[in-house]
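These protein sequence lines map, in sequence, to chains P and Y.
Take 20 as the starting number for the first sequence in the numbering used here and just add one per residue.
Take 20 as the starting number for the second sequence in the numbering used here and just add one per residue.
In case anyone wonders, no lab produced these hints; they're calculated from the structure.
Some clues are possibly wrong.
No copy labels: a pair is met if it fits in one copy or bridges any two.
Taking lysine to aspartate or glutamate and the EDC-like style, the derived pairs with C-alpha atoms no more than 20 Å apart in a straight line are [stated by the list, open to error]:
#, residue 1, residue 2
1, K237, D420
2, K456, D372
3, K456, E426
4, K530, E54
5, K178, D422
6, K151, D244
7, K136, E147
8, K178, D372
9, K151, D420
10, K43, D130
11, K132, D261
12, K143, D298
13, K233, E313
14, K532, E234
15, K252, D416
16, K156, E203
17, K43, E313
18, K456, D200
19, K532, D379
20, K525, E423
21, K208, E521
22, K225, D422
23, K405, D379
24, K29, E524
25, K405, E524
26, K132, E264
27, K225, E426
Given next are the chains, with one letter for each unit.
2 protein chains.
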Amino acid sequence: MKFSEYRAFKELSKLAKMPPDLTKIDAIDAKRAEEMTVTSLSWKMLYATERVNSDIQKGLCELAKEAKVFEKMKLMQNMEVMNYVNNYESERRKVGHTAIRNPSAENLSNDVKNASKAYQTELKKLREFLAKTENFKNLIVIGIGGSYLGTKAIFNSLKSLAREDRNLYFASNIDPDKIGDILEHVDLKETLVAVISKSGGTLEIKAQEELMRKEFEKRNLNCKDHFVMVTGKGSPMDQPADFSEIFYMWDFIGGRYSVSSMVGALPICFMLGMNAWTDFLNGLHDMDLHALNETDPLKNLPLWGALLGIWNRNFLNCDTFAVIPYAQGMDQYSLHLQQLFMESNGKKVSQEDGSFIDWDTCPVIWGTVGTEGQHSYYQGIHQGTKVVPIEFIGYRDSQLDCDEMIEGTTNQEKLNANMFAQAFALAKGQRNPNHNKYFEGNRPSHCLVSERLDPYSLGNLLAYHEHYVAFQGWVWGVNSFDQEGVQLGKVLANGIIDLYRERHEKGVISKTKDNEAVLVFLKALDSIHEMRRNQKRSA
Amino acid sequence: MKFSEYRAFKELSKLAKMPPDLTKIDAIDAKRAEEMTVTSLSWKMLYATERVNSDIQKGLCELAKEAKVFEKMKLMQNMEVMNYVNNYESERRKVGHTAIRNPSAENLSNDVKNASKAYQTELKKLREFLAKTENFKNLIVIGIGGSYLGTKAIFNSLKSLAREDRNLYFASNIDPDKIGDILEHVDLKETLVAVISKSGGTLEIKAQEELMRKEFEKRNLNCKDHFVMVTGKGSPMDQPADFSEIFYMWDFIGGRYSVSSMVGALPICFMLGMNAWTDFLNGLHDMDLHALNETDPLKNLPLWGALLGIWNRNFLNCDTFAVIPYAQGMDQYSLHLQQLFMESNGKKVSQEDGSFIDWDTCPVIWGTVGTEGQHSYYQGIHQGTKVVPIEFIGYRDSQLDCDEMIEGTTNQEKLNANMFAQAFALAKGQRNPNHNKYFEGNRPSHCLVSERLDPYSLGNLLAYHEHYVAFQGWVWGVNSFDQEGVQLGKVLANGIIDLYRERHEKGVISKTKDNEAVLVFLKALDSIHEMRRNQKRSA
């Protein structure tokens, strides 16, 4: 059965013709606010400001049931093969990011037990490695995508807990300016470089590593003492001769789900120590269990989040979804979610039979921290022509305890007041005879709130988003665990790199029917050079 | 006349039913690539990978003519009142961001001449101020939205030119963690604080300034020696007793158009010196003149960009627009564009008669630097269910001259190869019997390329985007220069701040029909505190 064939789909399509009007007086009263709350571990979701009512809640629960999402969550957490598309060649792999953070793996398959054990072995290696590298002051992470975005988001969120004598840098981009900038700041003598690539074959990573090794060699430093690797066992970069230590990851963990593997563990433990990591893992694992065991969709936080997202995406037809944390430390978090959501569910092939589907899947994910966004794009959110559903994220307490009472309230209170105010303003709108001051309202959002941005609550939150994505993928019927869509660009890029190489070697590029338009683009780049030289000459 | 009533609108609607198919063999040949190029100053736009043909080009040119965009550009640059909405109370102000960077103001109104002169006076004050403050090592900018995003984007783009003995920090957010983080890094004795607020009444700015002054006082430092202000003359913060210098801005420059005013000049000149600023201003002014004087829409870079955007938005119905620079320094640029675009044109009121319009205006603007995005959200861009038009931005040369030949090409070449490859991959797609490896193509983008990311080319680019926005606003018929949509959230936030204050003062908040749902939200925040305390106790 497919998404658009579910009984609940049809029911919800009817309900979507007349969603609740939140702009009516008393539409959002205390009773609604209390009822529309989900509590899970260290988080509460307040969703009275979403455009749902009890009929819609019921329909969404029914949808989850028809899509068999609990059965699938169980299969995934038991490491059955969940990364597949039927009828066509596909990766056909197990999915094990929950397995590694399951310390006991009781009642689960041998695969889970083995994964859990293998991860514990890596953590033990890490503990020993950190003891040996106590004197290093800097860590440069060479990684991109899943080997970068999650770690950076987690690190920024928790950096108030980081050792003050250490610094973390990310050389994520192939752009040579990125490493140039880092080199201006660090003394390589006291610097470790962590190269992170599951496949061991990523163009950007190999190029950056080579560039970086040349810098060490220029300074007569022995690269091996400074370089450490995180990769799949047996990958082309699994070369013990080149690295002081190699940490392993496995093909059952996709890049965007790899934060809790050694990809995140190495940099975060280097900066924060292993106790914070344990708290973070506990936060993830507790949410894994909640996602697995709470069978009421209205009480299962990631599932309910996923269903609200589907309501907004497929029934209220919103093409984007903004995640806006009112917490400065989370300034990179939405960028991690961009990958997690869009690489997982930016798909249009049915997992069940490989056909092209005809409903919308993942929206564009975006957003920056509040209150900054209020002074930027909120105009468009309030009075633009398209509705943007929002997930606000906020905390009762500030992280750094650097706050003051000013005019009778703390800044943290002002921050949270702004967050809540936005949720109500978007939902309720404002009637005004002056069209410039008219807000149509009925713009849906919810607030996810917790006590404090710390390793445990962050672990809960990250697993919430990972399971949010998995649940949505199963409802839409797509495979959330591959990424075939990134291949074509890579192939064409290698073709153009070959043209550049040919030009270096032979001085010219041979024109073919296939590359003639590309050559025009390359020539345009060069001609600007001429153009500006001429401008300068004539100036 | 309104957008949807233009003859060209109807013509383009017809053409949109059968846009050119870029996936056909030879659809993008050398001839098309050469013809579909716009050259302006230090930039070339390569748009053979957009879904346009000569009929569509003609229709878009006609649209620009019907919307009288050149007449309006002329009025704007002559500082007529262009910030208005008819039939309702509105700001009714002149628009003068181009006037201040027009050094000669020949043949223009007295308003332009006065604005130009006033700005020169401020620059002279700045030169003297910088001489006096030579010994300061740090500058903390307290600003938000338009007093922050543009400056940060410009600074990051050019920071390779910055003085190595100086550091720039931004305290943009009301979140107290932001300032806490900065205080860990700087010695306030050698630190200047620039408070930037046009109105002098922004909640975040006042709170941050007060928090910061307390930190100086704790260290027995005289605040006045360290604090400098940028504000409107006569604003509540125009207090010469409190600041070592006050630089002025004017109500004819909106926050999001204020980078070239003292808002950007003070921090950028502190870090880069005034010569770089002069080059940047020249870049802006040259593009202002190009936007004004090049009356062929196909050769007017910002107008042509704007028209392509309208084609994708209103005729191909794309709800978002990604701007993706393949240049690490531009990692903040899209965040500035989010404000510039969405605060300017996220509107639905007709400027002509104040009626609500029934066509789409500004899309959601998003994007991060390449190649990072390729390893994140590109899956969704290539194979997701919705088309995302893209503006790629790239440079022939790297900025920092830290590059190496690896496997026969430089990293800068690899970077540009990737950018061009993406444009072609998105346009051409790939037929494949395996649906997982099928790319439907026909996903539009263009590449903006220049020689080098330097002050002049960046000035060109910023003015390109400013005029892109203005041209689009005129075609859509909205007022791109106000931001009424941010008011409601402010009002509601102040109401909730009052509740917090009441609780501090009286211990309780009096419940009313109006605030009962908000109280439930506030209580939820507190109850998590209890919940986690209980969890910890039972653990």
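Against the structure, the hints:
Proximity of K237 to D420 under the C-alpha cut-off of 20 Å is restricted to the inter-copy arrangement: shortest distance 16 Å between copies versus 44 Å within a copy. For a Cα distance limit of 20 Å, the shortest separation of K456 from D372 across copies, 15 Å, qualifies, whereas the shortest one inside one copy, 50 Å, does not. When the C-alpha separation of K456 and E426 is checked against a cutoff of 20 Å, the pair qualifies neither within a copy, at 28 Å, nor between copies, at 60 Å. In this homomeric assembly, K530 and E54 come within 20 Å of each other (Cα to Cα) only across copies, at 18 Å, whereas the closest approach inside a single copy is 67 Å.
For a Cα distance limit of 20 Å, the shortest separation of K178 from D422 inside one copy, 18 Å, qualifies, whereas the shortest one across copies, 31 Å, does not. Only within a single protomer do K151 and D244 lie at most 20 Å apart by alpha-carbon distance; the minimum there is 11 Å, versus 48 Å between protomers. With identical chains, the CA atoms of K136 and E147 are at most 20 Å apart within one copy only, with a shortest distance of 17 Å there and 66 Å across copies. In the homo-oligomer, the alpha carbons of K178 and D372 never lie at most 20 Å apart, since the shortest distance is 45 Å inside one protomer and 52 Å across protomers.
Taking identical chains as interchangeable, the C-alpha atoms of K151 and D420 are never at most 20 Å apart, the minima being 33 Å within one chain and 35 Å between chains. Proximity of K43 and D130 under a CA criterion of 20 Å is satisfied in neither setting, with 54 Å inside one chain copy and 47 Å between copies. Neither within a single protomer nor between protomers do K132 and D261 lie at most 20 Å apart by alpha-carbon distance, with minima of 31 Å and 66 Å respectively. Taking CA atoms no more than 20 Å apart as the test, K143 paired with D298 passes inside one copy only; the shortest distance there is 16 Å, against 55 Å between copies.
With identical chains, the CA atoms of K233 and E313 are never at most 20 Å apart, being 53 Å at best within one copy and 48 Å at best between copies. For a Cα distance limit of 20 Å, the shortest separation of K532 from E234 qualifies neither inside one copy, at 41 Å, nor across copies, at 67 Å. In the homo-oligomer, the alpha carbons of K252 and D416 never lie at most 20 Å apart, since the shortest distance is 43 Å inside one protomer and 37 Å across protomers. Taking CA atoms no more than 20 Å apart as the test, K156 paired with E203 passes in both settings, with 15 Å inside one copy and 17 Å between copies.
Proximity of K43 and E313 under a CA criterion of 20 Å is satisfied in neither setting, with 34 Å inside one chain copy and 51 Å between copies. Taking the shortest Cα distances, K456 and D200 never come within 20 Å of each other, neither inside one copy (46 Å) nor across copies (37 Å). Taking identical chains as interchangeable, the C-alpha atoms of K532 and D379 are never at most 20 Å apart, the minima being 36 Å within one chain and 40 Å between chains. Proximity of K525 and E423 under a CA criterion of 20 Å is satisfied inter-copy only: 19 Å between copies versus 67 Å inside one chain copy.
Proximity of K208 to E521 under the C-alpha cut-off of 20 Å is found in neither arrangement, the shortest distances being 37 Å within a copy and 56 Å between copies. Taking the shortest alpha-carbon separations for K225 and D422, only the inter-copy value of 14 Å comes in at or below 20 Å, while the best intra-copy value is 45 Å. Both within a single protomer and between protomers do K405 and D379 lie at most 20 Å apart by alpha-carbon distance, with minima of 16 Å and 8 Å respectively. For the identical chains of this complex, K29 and E524 are neighbours neither inside a copy (62 Å) nor across copies (53 Å), given an alpha-carbon limit of 20 Å.
Taking identical chains as interchangeable, the C-alpha atoms of K405 and E524 are never at most 20 Å apart, the minima being 52 Å within one chain and 41 Å between chains. Neither within a single protomer nor between protomers do K132 and E264 lie at most 20 Å apart by alpha-carbon distance, with minima of 25 Å and 67 Å respectively. For the homomeric pair K225 and E426, the shortest alpha-carbon distance between copies (10 Å) is at most 20 Å, but the shortest distance inside one copy (55 Å) is not.
Going down the numbered hints, you'll see the structure goes against 3, 8, 9, 10, 11, 13, 14, 15, 17, 18, 19, 21, 24, 25 and 26, while the others check out.
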